Every structure is written in structure tokens, then in C-alpha cells.
Amino acid sequence: MRQHIADDVIRFDGVTKIYQAGTPAALADVTLTVAAGEVAAVMGPSGSGKSTLLNLVAGLDKPTSGTVTVAGLRIDTLGESALARFRARHVGIIFQFFNLLDDLTVADNVLLPAQLAGASRRAARARAAELLDRLGIADHRDHYPARLSGGQRQRVAIARALVNSPELLLADEPTGALDTATGQEIGRLLRELNAAGQTLVLVTHDPALAQRYAARTLRLVDGHLVPANAAVLT
Amino acid sequence: MSWGGSVRTASGGPFRHKVQAFVLGMVLLVSTASATLGLALLAASNGPFDHAFDAQRGAHVAVTVNPARATPAELAATSHAAGVTAAAGPFTEATVQTQFGGQPFGQLTLAGRSAPGGPVDDLVLNSGHWPDGPGQVVLDDNFNGGPGGGGPGLGSVLAVTGVAGKPSLTVVGFANSITNTADGWVAPAEMTALRAPGTAPALQMLYRFASAGSDAQIRADVAAIAKVLPAGSVAGADSWLSAQTQADGNGAIMEPFVVAFALIGLAMAVLIVGNVVSGAVIAGYHRIGVLKSIGLTPAQVVVVYLSRIGWPALAGCVLGVVAGNVLAVPVLHQSAGAYGVGSQQVPLWASVAAPLGMLALTVLAALGPAIRAGRLSAVEAIAAGRAPRTGRGYAVHRLAATLRLPRPVGLGLAAPFARPARTLVTLAAVAFGATAVIFAIGLHSSLARAQAGQRLSATVPVQVQQQAPGAGPNQLPTAAQFAAMTAALRAQPGTAHDVSVYEAQVKVAGATENVNAYAFGGDSSWTGYSLISGSWPQATGEVAVNTAFLNATGLAVGGTATVNTGTAQVTARITGEVFQPSGEPRIYGSAQTLPGVATSQNFWQVDVGLRPGTSPAAYMSGLNSALGGSSPFLAVGPDGGQFYTIASELIGLLSLMVAIAAGLGVLNTVLMTTRDRVHDLGVFKSLGMRPGQVLTMVVCWVVVPAVLAGAIAAPVAVALNTATVHAMAGTAHTGVPASFTQVFGPLRLAVLALAALVIAVAGALLPASWAARARPAVALRAE
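The listed protein sequences derive, respectively, from chains A and B.
All residue numbers for the first sequence refer to our numbering, where the first residue is 1 and numbers rise by one.
All residue numbers for the second sequence refer to our numbering, where the first residue is 1 and numbers rise by one.
Everything labelled a hint here was simulated from the structure, so no lab data went into it.
As the structure is a prediction and not an experimental result, all values here were calculated from the model.
Hints should not be assumed to be uniformly reliable.
[To be verified] Computed spacing ranges between beta-carbons, pair by pair:
1. V778(B) to G136(A): 30 to 36 Å
2. G692(B) to G136(A): 35 to 41 Å
3. V716(B) to Y19(A): 50 to 56 Å
Glycine residues also receive a C-beta, built at the ideal position from the N, C-alpha and C atoms.
When you get a sec, could you build the whole thing from the sequences and use the hints?
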């Protein structure tokens with residue numbers, strides 16, 4: 001059973017991210033919250049700051065100013081080791097292009113975050129087996145990612161993201177590299193996870209995906225959070 | 001757009017790929033420096049004396065002239081004598097008795113020279129300055145004993161005895177004369193005060209001749225000088241040939257290991273440069289694929305590659321040759337000391353050949369991948385620029401996953417199998433470095449054993465020698481002085497053994513030259529001579545001999561030698577072959593076995609063995625006090641260790657350089673792998689891999705190649721050490737006891753093999769820490 005440290009899983013207070021001095025902010029003074037058990041979609045055109053926002057939530061990058069609190073932890077002040085522990089324990093990430101490690105089998109890909117977090121061998125294997133079974137890819141556990149279809153790879157990526165039972169699942173264009181039918185299949189899977197209590201932040205270009213699966217849409221334009229119903233070219 | 005403009009745009013210019021250009025430049029810098037040094041060492045080992053003799057305009061003959069018989073004008077006229085090509089002098093010459101630290105320092109031949117240079121015998125001032133005032137002396141570098149060497153150093157003061165006022169000379173420098181024309185040099189005005197009363201004045205003239213390659217030519221040259229001077233003017237003449245023989249002997253001993261290190265350094269430089277350049281080219285395939293898709297021709301692709309690596313390679317080579325020359329100064333100073341020549345320089349051809357060779361190698365290494373890139377289609381080039389081929393190393397990853405290892409360790413250990421070619425290069429670089437380190441340590445041990453065996457320093461730490469005139473005829477010690485010395489010696493606490501040793505020239509049937517005979521006046525079984533084969537003589541009628549003796553007589557251990565000592569002819573059975581490197585044949589036996597040798601005229605020294613725990617220095621000090629200032633005898637430590645000291649220092653320096661180059665080779669391959677796998681590193685980090693785990697994983701990339709390299713390097717180094725020691729011994733006219741090459745016990749060798757791991761981990765740490773520090777978002781974007 002996951003332990004929720006606070007009601008809001010994500011809290012941004014006046015977060016700004018500038019990659020290079022003199023260039024426009026990738027995120028400008030963003031304040032937002034995402035509650036536990038919520039599915040929030042982040043939408044916006046290319047270059048609007050969606051990936052930057054995701055990176056800051058995942059602790060993959062640090063803000064230029066403002067505070068970022070995730071799963072009750074103020075992560076913008078953490079060092080790299082503490083951020084790595086935070087990612088291993090509290091966050092699962094699903095990438096558009098899966099980012100599976102080609103030289104590891106499906107089972108080893110799924111096991112890896114648990115092993116890095118120091119989970120016991122027996123517990124990690126049991127959890128991985130459960131996830132592979134639940135996601136319908138148990139038969140492929142000894143295969144290498146290169147032999148799998150796009151949908152199967154994304155299922156492996158989801159299993160890997162969930163293996164440490166994180167409070168928060170981040171999905172960056174999870175259906176962007178998939179055909180329509182497979183995309184819908186993955187979408188249904190994410191909805192099932194949310195139904196089971198998983199907090200989910202979904203970054204997408206696809207309004208239909210956001211509309212179908214997210215309870216709330218956060219819209220970014222040029223690094224600024226705008227009202228969800230504002231007219232934006234995507 | 002023009003052809004050249006396209007290429008410039010496509011390559012991005014020399015400063016576009018800063019990190020890659022920096023690494024390439026650094027590797028070429030180190031490799032060129034190492035190649036320059038390697039070539040310089042090879043050149044230095046080739047006829048070192050002859051090169052130094054030419055460079056220092058060595059004197060073919062040093063003539064001692066009686067100034068009472070020849071005027072300055074007559075001496076000046078000798079420069080036009082038949083065959084003379086250059087002349088220097090006259091320099092006032094005097095032989096003086098000296099003391100250092102209150103103890104006799106021996107007899108020194110001093111010459112008065114106003115400057116070290118000149119048309120003949122251009123002295124090399126290795127340290128300090130030339131005498132510029134009274135009471136100053138520059139000593140021959142062979143006397144340099146400071147700091148910590150026990151002998152005089154800069155600032156030391158020598159007292160000249162037997163001269164009115166007992167003048168003091170402060171050592172202000174150390175210099176080398178290639179033909180040892182003097183033991184020291186002072187300002188010309190100083191010489192008057194240094195001449196002992198009643199001794200004849202002498203002048204030194206130095207000459208170079210058109211022909212002076214043999215003793216006969218030297219005799220003819222000296223006769224030509226004598227002919228233009230008044231009769232009786234020439235009091236003596238020293239030929240350069242004896243210095244040449246001695247120096248060539250030293251040089252020949254050094255050559256095998258100097259050549260071994262030079263070849264290791266050159267081979268590694270070639271390997272590392274080839275790897276870096278081809279890696280840099282392959283890393284650019286993706287970009288080239290993109291550029292080809294927008295119209296770059298195959299020829300332009302080749303030029304793009306070559307121009308991309310050309311500038312950093314050129315910069316690295318130029319800086320490398322400068323660094324090589326700077327680095328060569330201390331190394332060549334050491335090798336010059338070991339060769340017994342004044343100084344050695346990097347030859348001009350080495351400074352040209354090293355950078356040109358490395359540039360040529362760079363172009364060759366780049367040409368293959370560049371031509372391949374030119375021929376590939378755009379799509380193929382883009383694909384070829386991606387990470388390792390699918391399938392490589394998967395089985396090893398699977399195996400590593402089943403092992404109960406921390407996951408970063410398993411991932412790191414399996415990683416090299418994805419890039420077998422690169423792994424092989426890493427393995428080879430580390431193996432070269434580890435071989436050099438193990439070889440150096442082994443050679444150091446072998447030389448230490450040879451030094452101890454030759455000097456008997458472990459068993460005979462003290463020797464009592466005659467260092468001042470005795471009270472008997474011909475300045476020999478009297479029987480009473482011998483008896484007093486023996487009594488003082490045996491009364492001294494700490495004396496365990498003592499035996500008098502006598503030396504004389506004897507004839508041995510079968511040997512065309514005289515043989516040096518050493519007769520022991522008592523029990524010598526404890527003296528600890530190292531035996532190559534057989535045993536030390538136990539009874540009368542038995543002798544031990546050195547290798548040169550066996551070679552000269554054609555006899556073997558177990559054979560019988562017929563020895564004529566001048567007073568008796570005896571036969572003796574050869575029981576053992578001792579390690580005493582020398583071209584001269586030697587025979588060792590008891591005074592009874594070699595009758596007539598053990599006389600006071602032939603007294604050489606008393607070998608003294610000490611009780612365990614006795615300090616040789618304290619013992620010598622106590623014994624010398626007991627002997628008193630009036631005794632002609634002095635207790636001294638074993639000498640003859642300078643060659644070993646210099647050789648050991650040189651070996652240490654060379655192995656350190658090779659190890660550093662190997663570490664840089666590893667750094668480069670790990671850096672290339674890190675760049676290849678930067679996206680994977682981002683993924684690992686996004687999954688929660690901590691910086692410490694990243695560091696561990698990246699360091700583990702080199703562990704498997706390093707362990708294999710260690711396993712290869714250990715037996716190779718043992719074989720190399722054995723071969724080198726035998727080659728060195730061969731040039732020193734001696735065999736070697738097996739114990740000199742058996743310096744690696746299994747445990748020691750296993751520990752030494754870890755040098756490979758140390759080199760590899762040291763090389764990997766820097767890129768590993770870069771990888772550990774990289775922000776995950778940056779690493780993921782780097783795709």
C-alpha cells in the first residue's frame with residue numbers, strides 16, 4: 001500500500017526554468033498542483049515547456065527559481081544522489097520512445113529500477129512477474145526489446161515504471177510512437193492504473209487522448225500556464 | 001556553395017567539436033611526446049659514447065707536459081703538428097691528496113681551466129657553476145654524492161692535504177669530461193697554491209687528431225707531438241680509447257632495457273592514436289549521413305573527416321614534440337649518467353620523425369573509416385553512427401543479471417562485450433602499461449640482486465682498505481701496521497667475520513691474457529659470492545671463477561685449471577662460476593690454493609662481516625676512530641653501485657611514463673564509450689541510478705579488460721625481464737644466477753598483475769565522474 005505524504009502529489013510554486021541566460025524562459029513563473037489519484041494532462045505546442053515541466057517533476061532537471069514539491073519532498077534543493085533515490089522510490093517515467101535498454105531482456109529491464117533501489121531479489125522478481133503478467137507480456141519476459149512490437153515495448157516501459165510502486169507516474173507522449181489501435185490500448189491501460197489509485201501526469205499533443213483519459217488539462221504556451229479552454233494552436 | 005565551403009560547413013570548423021578535438025589533441029600530444037622520447041632513447045642507446053665524444057669534442061689524447069722543457073710558444077706550435085685537427089691548453093695540472101668530512105677522500109687530479117668550453121674537451125657542467133673565485137672546485141660527476149649519497153655535494157668542502165696551509169676547496173659544480181681528462185677543475189690562479197712542495201709542475205695539453213682509432217695510431221699521434229717539442233717535454237699521454245671501452249661496456253648493459261621501454265612506448269602510442277582517430281571518425285558517421293542526404297559528395301566526406309581531425313592532430317603533434325623534448329631532459333640526463341657520458345640531447349631527426357610519424361598514422365587511421373563513410377549511403381551512414389550492433393554482449397548481460405552482484409557492477413562488467421574491438425584496444429593499452437610496470441619492478445629487483453651479488457653488500461658491508469701511504473718500503477703498510485689494523489678490527493664490537501683478500505695477476509693455461517687472482521687469507525665461505533653454477537671452494541686445490549674466465553680458457557665448472565702465480569705452478573679444480581660481471585677473467589681461491597698471491601704487496605682489502613643488528617655506518621665510524629688518524633687503513637662501505645642506482649631511477653621514470661600513457665589510452669576509450677552510451681546513462685539515471693552507482697558502473701566497464709590484461713601482462717613481463725637480464729648480463733660478459741631472474745613469486749606476481757587494474761581504474765575515473773555528474777535531462781537530450 002502506497003503511503004501518501006500529502007494530498008497534493010505535485011506542487012509547483014512560481015517555478016521558472018531558463019536554460020541559457022538571455023533566452024526566453026522555458027517555464028515562466030508556473031504555479032500548479034496535482035492531487036493524489038488525479039490524472040492530469042499537460043498539453044501545448046512544441047517548445048511550450050511540456051518536457052521541461054515533466055523533467056522538473058521527475059527531478060531530472062532543476063528549476064532556475066521557484067520550489068518544486070513532489071510526494072511531499074522539496075526536490076529542487078536535493079543533490080543528485082538524493083534526486084536519484086527520489087526518482088527510484090517516488091516516480092515512474094514512461095517515455096515516448098520507450099527508452100528500454102536494448103541489451104537487457106524484458107524481465108531485466110523491468111527489474112532494473114528495483115535493483116537500483118536496493119529491493120530484495122526475491123521481492124523484486126515477484127513484483128516484476130506480477131507486472132509482466134498484469135500487462136500481458138509475461139510470455140516475452142526473456143525476449144529482448146528489439147524483438148517486440150511498439151505496443152509491447154510500451155507495456156514493458158510501463159511495467160518498469162511501476163516496479164517500485166511509485167506515488168506518481170509520468171508519461172511523456174506515451175502513445176506518440178504507436179499506431180492508433182495500440183495507442184488506444186495503452187490509453188486504456190493507463191486509465192485502469194488510475195482507477196486503481198495511481199496518480200498520473202500525461203504529457204501529450206493529442207487533445208483526444210487528454211480528453212478521454214485526463215480529469216484535468218494543464219495547458220502551456222511559451223512556458224506560461226494558460227486557462228485550459230484558451231485557444232491554442234497545437 | 002564552393003567545394004571548400006561545403007567541406008568547411010560540413011565539418012563545422014576546427015573548434016566545433018571542442019571535447020573531441022581536445023581529447024584527440026591530448027592523445028596526440030602524449031603519444032608524440034612518448035614517441036619523441038622513445039626515439040631519443042633509441043638514438044641514445046646507439047653508440048652513446050661516440051655521439052657524446054663528437055658533441056663534446058672529446059680529446060683523443062691528453063698529454064702531460066713538463067713546463068721546464070717546453071715554452072708556451074712551443075706548446076702553441078703543437079697545434080700545427082702532423083695529424084692534429086684541434087688543440088686546447090696548456091692547463092696547469094696537479095695531483096693532490098684530499099679529505100672530505102675529516103676522512104681521506106683519495107687522490108685527485110686537478111686541472112686549472114678558466115672555462116668549461118673550448119675547441120677540445122668541451123666539458124658538460126651538469127650542476128652548479130664554474131669556479132669564479134679562489135677556493136672553488138668543480139668535480140667530475142662521478143664524485144657526485146649528494147644529497148644523501150654520502151659523498152660530496154654542492155657546497156661540500158674538501159681539504160687538500162700535503163700542501164702548505166691545507167687549503168680548502170668548496171665544491172661549486174659537477175661536470176663531465178667525456179674522456180676523464182681530470183677529476184676536478186679549479187680557476188687557473190688556484191693551481192699554484194695546490195702544488196705540493198717538491199713535486200714537479202705539469203701542464204695538460206688536449207688534442208684531437210685526424211686518425212686516432214687504434215692504439216697504434218694514438219702512439220703515432222703522440223710521437224708527432226713529441227717531435228715538435230724539445231726532448232723530454234712529454235711526461236705522459238692518456239688515450240681516449242680506454243674511456244671508450246669502459247663507456248661502451250656500460251652502454252651495452254643499459255641498451256636492452258632502454259630499447260625494451262622505448263619499443264613499448266612506441267607501440268602503445270601507435271595503438272592509442274589509431275584507436276582515438278578511428279573512434280572519432282566513427283562517432284561522426286551520423287552527422288555525415290545527414291550531410292550526405294543534403295548533397296555532400298563522397299570525396300567531400302573524406303575531406304571533411306580529415307579536416308575535422310587534422311587541426312587538433314597537428315596541434316597535438318606540435319605541442320607533443322615540445323613536451324617530448326622537455327620531458328627528455330631528465331630522462332636523458334639519467335641515461336647519460338648510466339652510459340657514463342656527459343649529456344645527451346634529443347636528435348633533430350627524432351623531433352621531426354615523431355610528429356610526422358604520428359600525423360601520418362593519424363591520417364592512415366582516419367582514411368579507412370573516412371573512405372568507408374564516403375561510400376556508405378546516407379541511410380547507412382546514419383545507421384552506422386548509432387550505438388553498438390544489436391546482439392553483441394547480450395548473453396554476457398544475461399549472465400551478469402543472474403549473478404548476485406550489485407546491479408551497476410553487473411551492468412558495467414558486461415558492457416565491454418558490446419564493443420569487442422574497442423575493448424581489445426583498451427585491453428592492449430592496459431596490457432602494455434601493466435607489462436611495463438611489472439617489468440620495471442622485476443628488473444629493479446633483478447638489478448638489486450645483481451648489485452648485492454656484485455658488491456657483496458649483504459654479507460660484506462664493510463671493507464678495510466689502504467687509503468694512505470704506509471710506513472714500509474714503497475709506502476706499503478708495515479707488518480706492525482697490519483697487525484694493529486687486525487687487532488683493532490677484531491676488538492671492534494659487531495665484528496662477525498673478517499678475511500684478508502689479496503689480488504695479483506696470474507697466468508692460466510689456455511688464457512691468452514693475464515687473469516686476476518683473488519686469494520683469501522682465511523675462511524671465505526661466509527663472503528656470499530653469488531654463484532651461477534657449482535659451489536664456493538671448500539678446500540685447498542679448489543677455485544671459483546667468473547664467466548669471463550671460463551670464456552677465456554674454454555674450461556667449465558668441474559674442470560681443472562693450471563695456474564702460474566709467478567712463484568709456483570698449481571692445478572686447481574673449478575668448483576663454481578661466480579657472478580662478477582667483467583670482461584677480465586678472475587679466479588678466487590684460498591691463499592694455500594694460490595701460493596704467492598697472499599703477500600703484503602698484493603694486499604687488496606679485508607672483507608668484514610657484521611653481527612646481526614650491527615649498523616655498518618656506526619661500525620665503520622667506530623672502527624675508523626679505533627684505527628686512528630695515523631693508520632694507513634680506512635673502513636669503507638662497498639662501492640660500485642652508481643650504475644645500478646642510475647639504472648633503477650631510469651627504469652622507474654620510464655615505467656611511470658608508459659603507465660601514464662596507458663592510463664590516458666583507457667581514459668580515451670572510456671570517454672568514447674561514455675559518449676556512445678550517454679543516452680543509456682540518461683535512462684539509467686531516470687530510473688534512479690545514483691551518481692555513485694553510475695561511477696561504479698562506468699569504472700566496471702574497464703575491469704574485465706584490465707583483469708585479462710593483467711593475466712597477459714604478468715607472464716609477458718616475467719619473460720621480458722628474464723630475456724632482458726640475460727641480454728644485459730651477456731653484454732657484461734657474465735652469466736646470471738637463476739635467483740636474479742626468479743624475482744616473481746606467485747603471490748607477488750598476482751599482486752603486481754593488479755597494476756593493470758590500477759592503471760585501468762585510474763584512466764576510467766575521470767570520465768566516470770563526468771558521467772556520474774551529468775544531469776539526467778541533459779544526458780537524455782544528448783540523443
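Tested hints:
1. V778(B) to G136(A): 30 to 36 Å: 35 Å, holds
2. G692(B) to G136(A): 35 to 41 Å: Given range 35 to 41 Å: holds, Cβ gap about 36 Å.
3. V716(B) to Y19(A): 50 to 56 Å: Holds - the Cβ-Cβ distance for V716(B) and Y19(A), about 52 Å, lies within 50 to 56 Å.
Consistency note: the structure conflicts with none of the earlier hints.
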